[in-house]
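Keeping their order, the protein sequence lines are chains F and E.
Using the numbering used here, read the first sequence as starting at 2 and increasing by one per residue.
Using the numbering used here, read the second sequence as starting at 2 and increasing by one per residue.
Mixed in with the good hints, there may be bad ones.
If chains are identical, the list can't say which one is meant, so a pair holds when it fits in one copy or spans any two.
[Unchecked claim] Result set (DMTMM-like, lysine to aspartate or glutamate): computed pairs, CA atoms no more than 25 Å apart in a straight line:
hint, residue 1, residue 2
1, LYS78, ASP395
2, LYS65, ASP395
3, LYS65, GLU259
4, LYS65, ASP388
5, LYS187, ASP17
Hints in this document: simulated from the structure, not taken from any laboratory.
There are 2 protein chains.
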Amino acid sequence: MSRVTRDDCAALDRADPLARFRAEFDLPEGVIYLDGNSLGALPRATSARLDQVIRDEWGSDLIKSWNAHGWIDLALKVGDKIARLIGAQSGEVVVTDSTSINLFKLLAAGLRLRPGRRVILSERDNFPTDLYMIQGLCEMLGGGHELRLVERGGVAGAIDADTAIVTLTQVDYRSGELHDMAAITKAAHDAGALMLWDLCHSAGALPVDLNAAKADFAVGCGYKYLNGGPGAPAFLFVAARHHDAFAQPLTGWMGHAEPFAFGPRYRPAAGIRRALTGTPPILSLAALEIGVDGLIAGDMTALRLKSMALTDLFIRLVEQECADCGLALVSPLAAAQRGSQVSFRHAEGYAVMQALIARGIIGDFRAPDVMRFGFAPLYLRHMDAWDAVAALSDVLASRAWDRAEFRRRAAVT
Amino acid sequence: MSRVTRDDCAALDRADPLARFRAEFDLPEGVIYLDGNSLGALPRATSARLDQVIRDEWGSDLIKSWNAHGWIDLALKVGDKIARLIGAQSGEVVVTDSTSINLFKLLAAGLRLRPGRRVILSERDNFPTDLYMIQGLCEMLGGGHELRLVERGGVAGAIDADTAIVTLTQVDYRSGELHDMAAITKAAHDAGALMLWDLCHSAGALPVDLNAAKADFAVGCGYKYLNGGPGAPAFLFVAARHHDAFAQPLTGWMGHAEPFAFGPRYRPAAGIRRALTGTPPILSLAALEIGVDGLIAGDMTALRLKSMALTDLFIRLVEQECADCGLALVSPLAAAQRGSQVSFRHAEGYAVMQALIARGIIGDFRAPDVMRFGFAPLYLRHMDAWDAVAALSDVLASRAWDRAEFRRRAAVT
């Protein structure tokens with residue numbers, strides 16, 4: 002293969018049909034941001050929209066805004082928009098709470114739909130909060146409820162007649178490896194189990210088709226590829242066929258059939274609304290809507306093509322520029338098997354990443370030794386991949402990472 | 002008693018030591034806002050602070066802000082500020098999730114601290130979402146767990162050896178009536194039960210002293226008197242003496258001892274942090290902090306004195322101006338027995354309130370027939386009480402409420 006040059010990357014950027022979307026983001030000067038998989042960048046429209054919500058809605062119309070500005074339905078409205086990105090119908094997705102809490106709701110609901118089955122099956126390397134939430138749920142329920150963990154690749158074969166629910170994150174947070182959503186969902190169903198997908202690293206990163214895969218439940222995050230802002234509320238999906246029987250335990254007033262009747266008994270609302278619990282966070286919801294709108298405009302198919310091109314390019318450039326530097330590719334080599342990130346293992350990965358960040362190349366680190374580089378295709382350029390690899394190559398060759406300040410662990414890594 | 006005039010009210014405003022705080026709020030022209038108990042008014046500082054968080058923190062420093070701008074500790078920092086308003090120590094309060102979800106956490110934790118006891122005791126007229134959450138919890142746990150409801154006044158006498166937790170809202174959302182926090186907490190403890198207070202209508206409305214009352218747990222709302230904005234995150238309190246044994250079931254990564262070690266087993270963080278679940282909503286937290294700062298500046302003792310004066314004045318003016326209008330006082334007549342609201346029953350309460358709102362007097366309605374008037378003492382004037390009662394008197398005398406448009410129920414009442 003011929004050597005890729007920086008000019009080649011510039012040419013790819015000139016031909017990029019999504020290039021214009023970069024201007025929709027407020028990206029700091031001198032920074033190449035490869036961590037949109039941890040916290041998406043700021044859409045330019047967000048600040049003005051939040052100011053409008055704060056001054057014109059909250060400030061001027063005060064409590065009347067729940068009706069006048071549609072706050073009471075905003076969680077469903079933004080849910081419907083997210084539905085378009087993940088292969089769901091209108092009315093199957095709602096924005097609420099955090100990913101962790103939504104997992105709890107859906108897992109508890111799933112156990113009720115599969116009485117007598119007491120196992121929640123997942124993989125050992127699933128994102129930790131998913132496992133922690135299952136542990137908390139099983140401990141609370143007692144009665145033999147159990148989280149069963151298997152190695153990646155062993156999930157489909159481990160589903161049995163005790164399995165109530167299988168839950169996996171579609172895109173592995175460390176490696177970026179994709180699960181085959183349709184195949185695993187089918188394996189779960191064949192064994193009589195339900196399937197819950199965590200889309201935290203999928204939604205907005207690649208086209209997802211929950212209904213084509215016949216998924217039962219899904220959860221996902223608003224603050225990564227959806228660009229909803231730090232700690233943006235999360236979403237959940239319940240397939241329409243479960244809506245009538247679906248019952249989750251966090252039965253707050255916003256999930257009530259008539260919240261403003263103030264009756265003493267909980268009666269679930271029809272449809273996805275019964276997945277709600279407390280009062281929705283309007284400022285955060287409004288910010289998330291802006292982020293989601295950007296992805297809808299970008300078109301997920303076009304975004305996926307660019308994402309695959311960027312991550313392929315990054316891997317190729319690392320091979321070209323950083324051979325024998327102690328980097329080992331963690332992500333699958335084939336783009337079709339990856340999400341929108343590339344990860345490398347390095348014995349000094351933490352310090353190397355800190356040295357990169359000091360140069361304005363922002364990726365992140367996941368213990369014990371994984372450097373992650375996320376490629377949000379809405380705002381990244383091929384040139385960014387080139388410049389990031391050039392910096393990485395220099396940091397490694399010059400051992401620029403070998404300084405105490407880069408080894409000192411921060412609270413958040 | 003001599004008749005109170007509008008000039009008397011103006012004189013009271015001139016003498017009001019808290020008068021200057023009104024200018025800290027962005028209140029719409031021509032509106033008298035008596036619904037700060039549903040959604041607090043907008044502090045003037047909020048918009049600029051949010052713009053700073055959005056542009057300078059999220060936009061410019063991106064993922065680094067979790068460390069650089071202290072996002073990772075913001076939930077505890079704002080919790081410590083709220084602690085000062087409710088008689089808690091630093092480290093006993095954290096901001097997270099919604100009131101409903103926090104209730105679930107604390108109730109589940111409380112049941113674990115009282116093994117063998119299966120009753121959660123509350124009052125029939127407690128705020129519905131509190132009751133719904135208990136119903137959801139008991140149904141999920143099964144095994145004889147039960148919500149037992151008694152009439153107001155009968156709570157202390159109903160606590161028995163089966164009672165694990167007593168939970169009450171300190172200020173009744175309809176009537177504004179105050180419970181005796183210390184006495185009921187003592188009755189719960191005398192019977193071996195735990196006490197959980199819902200402070201939704203207390204925090205920021207009157208001085209609360211959780212530790213003086215020896216309360217075990219509390220929850221409360223960020224969007225009412227704390228002026229945190231629509232759907233602002235909620236807070237929870239766990240008395241320090243319970244921190245070691247406290248275990249709640251929504252065990253997400255933010256409550257883990259080492260969230261960024263990404264280990265497979267949940268290990269609770271020390272202290273109040275273990276009450277956290279998912280990633281905190283930074284934009285909403287930053288807005289809440291501004292609201293809380295305003296109350297700390299106002300001083301809760303001074304605020305309580307003004308609140309009692311305003312609500313006393315409102316009751317007196319209604320007696321004076323609206324005699325024989327079909328209004329019945331729902332709130333206690335004695336200010337010391339009320340929160341910061343006054344409620345009246347009226348057979349056509351819904352339509353009367355809509356007619357008032359059409360004139361810019363914004364209170365709210367709680368089914369079946371209660372009109373609520375909240376008096377947030379930071380931004381309301383004695384004159385506002387006069388003008389509101391004048392409008393109420395006119396609406397009732399002229400039957401201005403008797404129009405189809407005022408009878409039509411909105412989604413949110």
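Against the structure, the hints come out as follows:
When the C-alpha separation of LYS78 and ASP395 is checked against a cutoff of 25 Å, the pair qualifies neither within a copy, at 47 Å, nor between copies, at 40 Å. Taking the closest pair of Cα atoms, LYS65 and ASP395 come within 25 Å of each other only across two copies (22 Å); inside a single copy the shortest separation is 58 Å, beyond that limit. In this assembly of identical chains, the alpha carbons of LYS65 and GLU259 lie at most 25 Å apart only when taken from the same copy (18 Å versus 43 Å across copies). For a Cα distance limit of 25 Å, the shortest separation of LYS65 from ASP388 across copies, 20 Å, qualifies, whereas the shortest one inside one copy, 51 Å, does not.
Taking the closest pair of Cα atoms, LYS187 and ASP17 never come within 25 Å of each other, the shortest separation being 37 Å inside a single copy and 70 Å across copies.
Hints 1 and 5, counting from the list given before, are not met by this structure.
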